[in-house]
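*Asks:* Place chain A on chain C using the hints.
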Amino acid sequence: DGGITQSPKYLFRKEGQNVTLSCEQNLNHDAMYWYRQDPGQGLRLIYYSQIVNDFQKGDIAEGYSVSREKKESFPLTVTSAQKNPTAFYLCASSENRGTGVPYEQYFGPGTRLTVT
Amino acid sequence: GDSVTQMEGPVTLSEEAFLTINCTYTATGYPSLFWYVQYPGEGLQLLLKATKADDKGSNKGFEATYRKETTSFHLEKGSVQVSDSAVYFCAGKDSGAGSYQLTFGKGTKLSVIP
Chain C
1 DGGITQSPKY
11 LFRKEGQNVT
21 LSCEQNLNHD
31 AMYWYRQDPG
41 QGLRLIYYSQ
51 IVNDFQKGDI
61 AEGYSVSREK
71 KESFPLTVTS
81 AQKNPTAFYL
91 CASSENRGTG
101 VPYEQYFGPG
111 TRLTVT
Chain A
117 GDSVTQMEGP
127 VTLSEEAFLT
137 INCTYTATGY
147 PSLFWYVQYP
157 GEGLQLLLKA
167 TKADDKGSNK
177 GFEATYRKET
187 TSFHLEKGSV
197 QVSDSAVYFC
207 AGKDSGAGSY
217 QLTFGKGTKL
227 SVIP
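Those sequence lines, one after another, are chains C and A.
The first sequence begins at 1 in the numbering used here and counts up by one.
The second sequence begins at 117 in the numbering used here and counts up by one.
Think of the hints as simulated: they come from the structure by calculation, not from any bench.
Careful, some of the hints might be misleading.
[To be verified] With a cut-off of at most 20 Å between alpha-carbon atoms, the simulated DMTMM-like pairs for lysine to aspartate or glutamate come out as follows:
| id | chain 1 | residue 1 | chain 2 | residue 2 |
| --- | --- | --- | --- | --- |
| 1 | C | Lys9 | A | Glu158 |
| 2 | A | Lys165 | C | Glu24 |
| 3 | A | Lys184 | A | Asp170 |
| 4 | A | Lys168 | C | Glu104 |
| 5 | C | Lys71 | C | Asp30 |
| 6 | A | Lys172 | C | Glu104 |
| 7 | A | Lys176 | A | Asp118 |
| 8 | A | Lys168 | A | Asp200 |
| 9 | A | Lys222 | A | Asp118 |
| 10 | A | Lys222 | C | Glu104 |
| 11 | A | Lys184 | A | Glu158 |
| 12 | A | Lys225 | C | Asp38 |
| 13 | A | Lys225 | A | Glu158 |
| 14 | A | Lys222 | C | Asp30 |
| 15 | C | Lys70 | C | Glu24 |
| 16 | A | Lys168 | A | Glu192 |
| 17 | A | Lys168 | A | Glu179 |
| 18 | A | Lys168 | A | Glu132 |
| 19 | C | Lys83 | C | Asp38 |
| 20 | A | Lys222 | A | Glu158 |
| 21 | A | Lys193 | A | Glu124 |
| 22 | C | Lys57 | A | Asp118 |
| 23 | A | Lys193 | A | Glu131 |
| 24 | A | Lys184 | A | Asp200 |
| 25 | A | Lys165 | A | Glu185 |
| 26 | A | Lys165 | A | Asp118 |
| 27 | C | Lys57 | C | Glu95 |
| 28 | A | Lys193 | A | Glu179 |
| 29 | C | Lys71 | C | Glu95 |
| 30 | A | Lys172 | A | Glu158 |
| 31 | A | Lys165 | C | Asp38 |
| 32 | A | Lys222 | C | Asp38 |
| 33 | A | Lys176 | C | Glu104 |
Chain A on its own, in the form it takes in the complex:
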């Protein structure tokens, strides 16, 4: 079945450091890919998405580009802030007809220190 492999955490960075969280998706087709963020004690919020190869999703300074050859969707941010401390989940949805399920990675906890 489909699977998401996400960089294990926790990741600790100093404020203004560069962030990369790796994510690859294994599927039979070409999935849509998503990054979600979860702040402590809350539900998940959609951060960005991409539906096809070479699509770049971006939001709040975060970016991710859908690389078809590796089915990767690595999350990046040039300068992290303390307020970015959260758990980040990569997810994918198969492009097959009637496919509704998202497959999630295990999450990467990011801590940003002043």
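Next comes chain C alone, as it looks inside the complex:
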């Protein structure tokens, strides 16, 4: 079955450590996204990538980094510079077509990161 996988489901880290969250998709989608979800705040976009070897900052990119070396993979690194990293992180992907077409985004199951 096609879909998006994120691993691990739960991740625990000590403050000051960098941590990388995995996101893999086999939907053959060009575009991929990372969101952060906090209670009562909905989803906020961290980074997105429209095509391999290219990515753009979203609304809350500070303290995060990404890479897009392969079409199917879009890992997110939460660096020690991120002041409040504990959150639920969601990866998504979508087709990359012309204007006028709704880009449904398909989401992975999420990774819950806890930093103490």
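*Replies:* Only chain A this time, still in chain C's reference frame:
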């Protein structure tokens, strides 16, 4: 910038009750609109969508109609079940060229009691 205003929860309903969750979208153009559902501990699933005025999206008994004059996309279901308990997110995507970002509302938590 674009914004989504969604009815605040939590909403608690008895089984078989009627559900409405309000959503309005503020944008410079005419966006595509979506409803996503998130079950506990899971990612988001697309529930339904509409791309232009008067479009009606429907799925699993849920419906929403894109009202252009108010840019609203209210979610409705005639008879909710316990299994509908989840968080519902309204989202919009600007119709501008090269626009890839979805703007999400804050979510509405629905609890359905037997």
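*Asks:* A separate judgement is required for each hint: does it hold in the structure or not?
*Replies:* Verification of the supplied hints:
Restraint check: the Cα-Cα separation between C:Lys9 and A:Glu158 comes to about 10 Å, which is no more than 20 Å; the hinted pair holds. With a C-alpha separation of about 25 Å, the suggested pairing of A:Lys165 with C:Glu24 is violated against the 20 Å cut-off. Restraint check for A:Lys184 and A:Asp170: the C-alpha separation of about 7 Å stays at or below 20 Å, so the hint holds. Pair hint A:Lys168 plus C:Glu104 holds up; C-alpha atoms about 15 Å apart against a cutoff of 20 Å.
A hinted pair counts as satisfied when its Cα atoms are at most 20 Å apart, and C:Lys71 with C:Asp30 qualifies at roughly 6 Å. In summary, the hint linking A:Lys172 to C:Glu104 is supported, as the alpha carbons are separated by about 16 Å, within the 20 Å threshold. In summary, the hint linking A:Lys176 to A:Asp118 is not supported, as the alpha carbons are separated by about 29 Å, beyond the 20 Å threshold. Among the hinted pairs, A:Lys168 with A:Asp200 is inconsistent with the structure: their alpha-carbon atoms are about 27 Å apart, more than 20 Å.
Straight-line distance between C-alpha atoms of A:Lys222 and A:Asp118 comes to about 14 Å, which keeps the hinted pair within the 20 Å bound. Pair hint A:Lys222 plus C:Glu104 holds up; C-alpha atoms about 18 Å apart against a cutoff of 20 Å. At roughly 32 Å between alpha-carbon atoms, A:Lys184 and A:Glu158 are farther apart than 20 Å, so this suggested pair is violated. For the proposed pair A:Lys225 and C:Asp38, the alpha carbon gap of about 14 Å is at most 20 Å, so the pair holds.
Annotation: proposed proximity of A:Lys225 to A:Glu158 holds, straight-line Cα distance about 14 Å (limit 20 Å). Straight-line distance between C-alpha atoms of A:Lys222 and C:Asp30 comes to about 27 Å, which puts the hinted pair past the 20 Å bound. Annotation: proposed proximity of C:Lys70 to C:Glu24 holds, straight-line Cα distance about 10 Å (limit 20 Å). Restraint check for A:Lys168 and A:Glu192: the C-alpha separation of about 18 Å stays at or below 20 Å, so the hint holds.
For a cut-off of 20 Å, the pair hint linking A:Lys168 to A:Glu179 stands: about 15 Å separates their Cα positions. Proximity of A:Lys168 to A:Glu132 is assessed by CA-CA distance (about 30 Å); at most 20 Å being required, the pair is judged violated. A C-alpha spacing of about 14 Å is found between C:Lys83 and C:Asp38, which places the hinted pair at or below 20 Å, so the restraint holds. A hinted pair counts as satisfied when its Cα atoms are at most 20 Å apart, and A:Lys222 with A:Glu158 qualifies at roughly 16 Å.
At most 20 Å may separate the alpha-carbon atoms for a hinted pair to count; A:Lys193 and A:Glu124 meet this at roughly 17 Å. Between C:Lys57 and A:Asp118 the alpha-carbon distance is near 17 Å, which keeps this suggested pair within the 20 Å criterion. For the suggested pair A:Lys193 and A:Glu131, the alpha carbons sit about 12 Å apart, so the restraint of at most 20 Å is met. Only pairs whose Cα atoms come within 20 Å are accepted, and A:Lys184 paired with A:Asp200 is rejected, the gap being roughly 28 Å.
Taking the CA atoms of A:Lys165 and A:Glu185, the gap is about 18 Å. The hint holds against a cut of 20 Å. A hinted pair counts as satisfied when its Cα atoms are at most 20 Å apart, and A:Lys165 with A:Asp118 qualifies at roughly 18 Å. Between C:Lys57 and C:Glu95 the CA atoms are separated by roughly 19 Å; this keeps the pair inside 20 Å, and the hint holds. Distance hint between A:Lys193 and A:Glu179 is fulfilled; the C-alpha atoms sit about 6 Å from each other, no more than 20 Å.
Among the hinted pairs, C:Lys71 with C:Glu95 is consistent with the structure: their alpha-carbon atoms are about 12 Å apart, no more than 20 Å. Taken as a hint, the A:Lys172 and A:Glu158 pair is broken in the structure, with Cα atoms around 26 Å apart against an allowance of 20 Å. For the given pair, A:Lys165 sits about 24 Å from C:Asp38 by alpha-carbon distance, which is inconsistent with the 20 Å threshold. For the hint linking A:Lys222 to C:Asp38, the alpha-carbon distance of about 10 Å falls within 20 Å, and the restraint holds.
Straight-line distance between C-alpha atoms of A:Lys176 and C:Glu104 comes to about 18 Å, which keeps the hinted pair within the 20 Å bound.
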